[in-house]
Amino acid sequence: MKKYIVKRLLWIIPIMLLISFIAFSLMYLSPGDPAVIYLSQGGDAPAAEAVEELQQKLGLDESFFTQYIRWLGKLFHGDMGTSIFTGNPVKEEILRYFPNTLKLTLLGMLLTLLISIPLGVLCAIQENRWLDLLIRGLTFVTGSLPGFFAAMLLTYFLGVRLKWLPTISSGKRIGILMPALTLALCLSATYIRQIRAAVVKELGENYIRMERARGLKERMVLYQGALRSAMPSIMTVAGINIGNLLGGTAIIEMVCTYQGMGRLAVDSITNRDYPLMQGYVLVMAVVYVLVNLVVDIAYAYMDPRVKQEYILEGMKGAESGRKDRKNRKIRSE
Amino acid sequence: MGEKTGRTGKLDRSDKRFLFWSVAVLALLIFSLLAPHLASHDPYEINLSLVTAPPDSEYWMGNDYVGRCIFCRLLHGAARSIFAAVLVVMLSFVIGTLIGTVCGYAGGRIDIIVMRLVDAVQAFPNLIFSISVAAMLGSGLKNCIIAMVITGWTQYARLARTKVLDIKKKTYVRAARVSGMSGLEILLYTILPNSLSPLIVAASMHVGNAILSFSGLSFLGLGSPPPYPEWGTMLNDGRSTFQTAPWTILFPGAAIVLTVMIMGMFGDSLNAKLNPRKDESNEI
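So the sequences go chain by chain: A and B. As numbered in this note's numbering, the first sequence has no gaps in its residue numbers, which increase by one up to the final residue, 333. As numbered in this note's numbering, the second sequence has no gaps in its residue numbers, which increase by one up to the final residue, 1284.
Don't read these hints as lab results, they were simulated from the structure. All C-beta atoms, glycine included, are put in the ideal place defined by N, C-alpha and C. Treat the hints with care, as some may be off.
Unchecked claim - To be clear about the criterion: a stretch of chain B counts as covered by chain A if any three or more of its residues have a C-beta under 8 Å from a C-beta of chain A, and this derived list gives those stretches:
#1 1182 to 1195
#2 1211 to 1217
#3 1256 to 1270
To be verified - Simulated restraints on C-beta separations:
#4 B:Phe1031 with A:Ala47: 30 to 40 Å
#5 A:Gly137 with B:Pro1198: 26 to 36 Å
#6 B:Arg1013 with A:Ala213: 29 to 39 Å
#7 A:Met235 with B:Phe1031: 18 to 28 Å
#8 B:Phe1031 with A:Tyr68: 22 to 32 Å
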């Protein structure tokens, strides 16, 4: 187990380097000279000498690789450059908005679970009866909603029609609810289906029959037995999703005018604020990798089979397939 | 593959389902191509006396913020919204499968380098990566498609590679080698056909997501440029008016939902047909 974690941690280093390389290339390859963009903020086209001078000052006349190394060096000291648009350090901007996005993501995930667990279990109990079919039918609709459309619909119904929530999320504390509900609406579809499938599967297992035979109350069987066994896989998906969500909330944040990272990113794109965009992409990728790492390790802790699989997959490739199937065979016997 | 085992001539349930949704998808694609001919008005015609007018007998879905006919724009936008996504999936599929197959078959240094690249690309949240690439390339339909393919190919590469690694060890591949087939022939005639089914399933699932991402990019102004009608663009147009005129977003949004649903159902049915659960035990 220790070996697995160490290996997984060491793995992070090349991935991080590649991420930083891609993030840097994105900015390097973007059209438009940063020096020109910076100098044309007043509206007039800048003088050629001024551009050259700034290019030299910023080191933009050097080779790609030198620039990358220098950028990386600065990055290690926590310097992510300066936003062209606001003039503030990128680090500051990101630190200001990141907590908001984190809050939104966590609240969205919490609401999702609060909606999906009861509904998923309900579907499993009512398997193939009308309630199950109705809920599952609805999940097909909500699962196909584009986030920004869902955000607008909720804003219209909850904000304009019912006046329960403010239509603009920024400023007020309760504003977080609209984007969070949007997330929950879009995400819960997958979760309901997954929880339903997991619980249905567990309900068919022998130990459940055993517990029923022992005379345990149905509710106890359900929550203590089936749901509990289904939890690790659900939590894993939730964990991975948190990583996805942190980046995926961008458009929703924009529609709900929520002051988060995503909105910052979208604004930076409209303003052609490359350093900010780069900082955002970099931070999100790093967070995403770290979240996935934690989820992987946690999952390996819960399920030793996975640990073995992962190690083998990394080492021997095709070997793992065989081992995996052997395991499955053992399990089915 | 367990496809031919125990098959009688009759269609079973998963076949019927698959047939139904294939027809639905086909109908949708044909409809999107023919739709512009059904439009009753010019989708570009600006009519300031009808700004955000509600649906009526002449303009079935109302009018948008400059008084254009939403119904006509919806019909004209169908092909663009759907086929951009289909194109993204096709390109990602071909590029990813080729790269993944070569990596899995060749192994060695190329494999390691390419797979690390895949890891790194997948380390970025998908939408964010597409957005930043699209922003970097500049807005426009072509650039948006390129951006989506740059993120999309990785899943196919990874899947194809895993599958090829698995198949490479099978007896029939060894038999092909013994019988004197060259590396390329083995790749084309034995490995590739046998590794396709999970890739096709992945592709069918990808279409719905691609439609969502594409409409998202268009919504941000990075996809299909105005004034061309496209569903995501139409939703963006409706952003300033939907609080008083909800029909400006309701219909294009519903069109996206419906399309994504049909594509999703199709993917599910294809998955059920190609990978029935019992296959797991069949493979041993």
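Structure-based check of each hint:
With a cut-off of 8 Å between beta carbons, the segment 1182 to 1195 of chain B has 0 residues touching chain A; three or more are needed, and the interface restraint is violated. As drawn, the segment 1211 to 1217 of chain B meets chain A at 3 residues by the rule of a beta-carbon pair under 8 Å; at three or more, the given contact holds. As drawn, the segment 1256 to 1270 of chain B meets chain A at 7 residues by the rule of a beta-carbon pair under 8 Å; at three or more, the given contact holds. Between Phe1031 (chain B) and Ala47 (chain A) the CB atoms are about 57 Å apart, so this pair departs from the stated range of 30 to 40 Å.
In this structure, Gly137 (chain A) and Pro1198 (chain B) meet the distance hint of 26 to 36 Å, their C-beta atoms being roughly 27 Å apart. The beta-carbon spacing between Arg1013 (chain B) and Ala213 (chain A), approximately 33 Å, falls within the hinted interval of 29 to 39 Å. Checked against the hint of 18 to 28 Å, the pair Met235 (chain A) and Phe1031 (chain B) fails, with Cβ atoms roughly 42 Å apart. The beta-carbon spacing between Phe1031 (chain B) and Tyr68 (chain A), approximately 49 Å, falls outside the hinted interval of 22 to 32 Å.
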